[in-house]
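Visitor: Put the two chains together into one complex, using the hints given.
Chain residues, written in single-letter form:
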Amino acid sequence: MTSGVSVIGAGESPYTRHPASDTTTERVLADAVRRALADANLQTSEVDGFGVCSFTLGPDHAIDLAWRLGLRLRWLMQDTNGGASAGTMLQHAVRAVESGDASVVVLVAGDLMDQQVHLKMVAEYNRATADHLVPLDMLGPNALFALLTQRQMAAEGLTRTDYGRLAVAQRAWAALNPGAVYRKPMTLDDYLNAPMVAEPLGRYDCVPPVTGADAVVVAADERAAGTRRARVLTVSARYNSDDQTGDGLVTGLADCASELWDTAGHGPADVDVVSVYDDYPAMALAQLKDLGLVAGGEMPAFIAERLATRKLAVNTSGGQLSAGQPGSAGGMHGLVEIVRQLRGQAGQRQVDARLGLFSGYGMVLYRYGACATAGLLEAAE
Amino acid sequence: MSVIVQNCRTCGGQWFPARLLCPRCGGADLAPRSIERGVVEQLTHLGDVVIASVACDPEPLLVARLHGTVEAGDVVELTDRPDTSGRPVAFVPPSGRPREELS
Chain F
1 MTSGVSVIGA GESPYTRHPA SDTTTERVLA DAVRRALADA NLQTSEVDGF
51 GVCSFTLGPD HAIDLAWRLG LRLRWLMQDT NGGASAGTML QHAVRAVESG
101 DASVVVLVAG DLMDQQVHLK MVAEYNRATA DHLVPLDMLG PNALFALLTQ
151 RQMAAEGLTR TDYGRLAVAQ RAWAALNPGA VYRKPMTLDD YLNAPMVAEP
201 LGRYDCVPPV TGADAVVVAA DERAAGTRRA RVLTVSARYN SDDQTGDGLV
251 TGLADCASEL WDTAGHGPAD VDVVSVYDDY PAMALAQLKD LGLVAGGEMP
301 AFIAERLATR KLAVNTSGGQ LSAGQPGSAG GMHGLVEIVR QLRGQAGQRQ
351 VDARLGLFSG YGMVLYRYGA CATAGLLEAA E
Chain D
1 MSVIVQNCRT CGGQWFPARL LCPRCGGADL APRSIERGVV EQLTHLGDVV
51 IASVACDPEP LLVARLHGTV EAGDVVELTD RPDTSGRPVA FVPPSGRPRE
101 ELS
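Residue numbers (full-length UniProt numbering), protein chains in the order written: chain F, 1 to 381; chain D, 1 to 103.
Extracted from the complex, chain D is given alone in its bound form (with noise of 0.2 Å):
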């Protein structure tokens, strides 16, 4: 399980949600970079959904919905799958499909 994000080839830098050009650099080589898991820096809830801040080692600051016991400070795994097998892990939603799979 992991989430998709990107890293600059150039300066090294993480992003997400994906950028057009390196922020940090101005770089253009981003290329996807699996990450597996992050450290919960706050959490809150929506009703029953529980929204956290989660932070990458060393970027980037990733906004997940909370499955399982997790709290704050926990070092939770990360998921692009809204299913989950009911252990704990953090849902990152992946970007859209590109605009030649919409039917």
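Chain F with its partners taken away, still in its complex shape (with noise of 0.2 Å):
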């Protein structure tokens, strides 16, 4: 079954570890709608939807940076869901070209994220964040992800070699990558030798915050026509699947799984080319295996032969883990790298790809996060 709706155009803002002292975020979060939309080769008149994530864009709205775009809409959404935005946005997105409400849509995910920022970000994440786990003098959710990783280690049989190879490929993936910002060649034994952050977490299981920001744009495939476009086969969404009474190590994916793969007509062994959200390699490899693309008890295997090797392309960018993270965009730039893909735009990095999958997680609630968002597209002309 196909929905009719494709991504025609993508673009990211340059990402960044040291902003300029005159970046804001809606500069950002513009310059990368720019781009997106001279992707398509569309004009800003063109546009009449547009929906947009950012946790810095406070105190404006989706419709201040609207205004300030010149956009006049019939459709407009904000979006709260950081890691899991890109499917959150493109599920309703999908729906609201399908239903006449829009007929080109923007979406755009983006933070300015200085120090300052992210430290300012992960102090008052939440409310549970601010009462249960600030004053425990935990800042940031790396010691979080570090109890997860160990539970991880102990279930699948992992060791911090196993989490190496995979940042070692993405790194790989990222020389290929002009945009990423860590791109020189990394060794397993500098992986393993990085600085401790929380055991078992090392320098390269953490994200490198980033200022950036990523938009793709959504069109009915009658306006695509005779263009290279990566048609939406699919997207679902799980919220809160567990009430964080679990282990943490599955995802709301792993309740997406059957109907991403029934609606779409194709199974994880189709898939070309994969985007999973990957904050800290473990969460990669929980998404994998919730989406079915590896098995429980076969991780080890599957690291050294098919992600090691990069056989199997995931995270061609480079992930976050090498490009950086931007904020609430760190999801958006997991469908932008699908997108550019199919649409044969990946440059040095290009796999042959026709069938993309992406996904997104995100928003820790207390002791992990609690939104997870997946979607396929093919390439299409």
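It is worth saying that the hints were derived from the structure and are not from the lab. Among the hints, a few may not be true.
Said to hold, decoys possible - Chain D stretches covered by chain F per the calculated footprint, using a threshold of three residues with CB under 8 Å from any CB of chain F:
#1 32–45
#2 48–54
#3 57–69
Just so you know, even glycine gets a beta-carbon here, dropped at the ideal spot from N, CA and C.
Guide: Shown next, in the form of structure tokens:
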């Protein structure tokens, strides 16, 4: 089944660890919007639907940003689901285009994320964090995911070397992506000898915060006839799938998987290119398992034979671990990469891709993330 | 020493952090309950700070800071006070003050 809705353009405002002093969130978001529209060969006057996710846009809202971009709209949304926001917004946008509520929708996510902003964000992430985590002298989620990674190591028989192979493979992809902030080759020794953050997590298990933004343009297939596009086959989402009462090793994607594959008429073996949300290597693996790309108990062999060799094209941009985590745009980054691969725009890292899978994950409530989205897209002319 | 969690008077579920409705049965009759101890599941070090997952019987799962010598698998006393007497405890910060108490 096809929805008749495609992503027809994608853009990324260049990621940087050290934003210039006059950088603002809205300018970074605007830059990504402008690049995505240029990629789709469209003008702002042709856009009638707009969605944004940003942790740092306040006090402005989606309408303020739309106004400053000169967008006159029939459809508008603001999303707050961070790493899962690409799937969240795409799910809504596809329905909006199908129903006729909008014809050309731009979705953008991004943040100004210097050290000061990052510290403020993690301290005020939500009420549970402010009340129950910050007073532990624990700033940010590293310790939570260290505990989760320990559980995954025990459950799946994984070692730090296994996680290191994943990180090294993503760095090798990043070397082929001019937009990644860390492109220098990394060895397994580099990974294992890096300073410990919270055992078993070392420096290269933790994403580098960057300033940047990612955007896509969504439109009906008729609009894009004759141009290379990424047709959206299906998008699926789960929120708060277990009330934070589990071990965090199973994400909401486990419940998305069957409807995702059934709707698309494909299986995990059909996928040519994958972007999974890699806030930590353990979560990338958890999502690959939930989506059916690796079975429980087979992770070490899967990592060695499929990821380390890069035979399975996973996080071909380098992922957030090497390209950087632009605040709430981490999930949109993965979607942009899938769109580029399916449209043949991935440069040196281009793989032969017909079917692409992306997933998002995020919003730590207390012990781990509670939002999970995934989508399948296929190359179409 | 103890921490206060929510106890659902309808289904018996125990929750932390505080919910508005019981996630298991949907009930709104959530009463405070003291829990004295839990089992350390995993722990990690953030510099000198030791962060742990602590399991209460039968629930909930807590994120705590450990003080004193505590290892994974140990039963540990729970406290909602940050100051410690030096003996092994797991500190679980309580909810913020109610709005009316804020100056």
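Visitor: Does each hint fit the structure? Answer for all of them.
Guide: A quick look at each hint next to the structure:
1. 32–45: With 5 residues in contact (Cβ-Cβ under 8 Å with chain F), the coverage given for the segment 32–45 of chain D holds.
2. 48–54: Holds, because 4 residues of the segment 48–54 of chain D bring their Cβ atoms closer than 8 Å to Cβ atoms of chain F.
3. 57–69: The restraint on the segment 57–69 of chain D holds, since 6 of its residues have a Cβ under 8 Å from chain F and three suffice.
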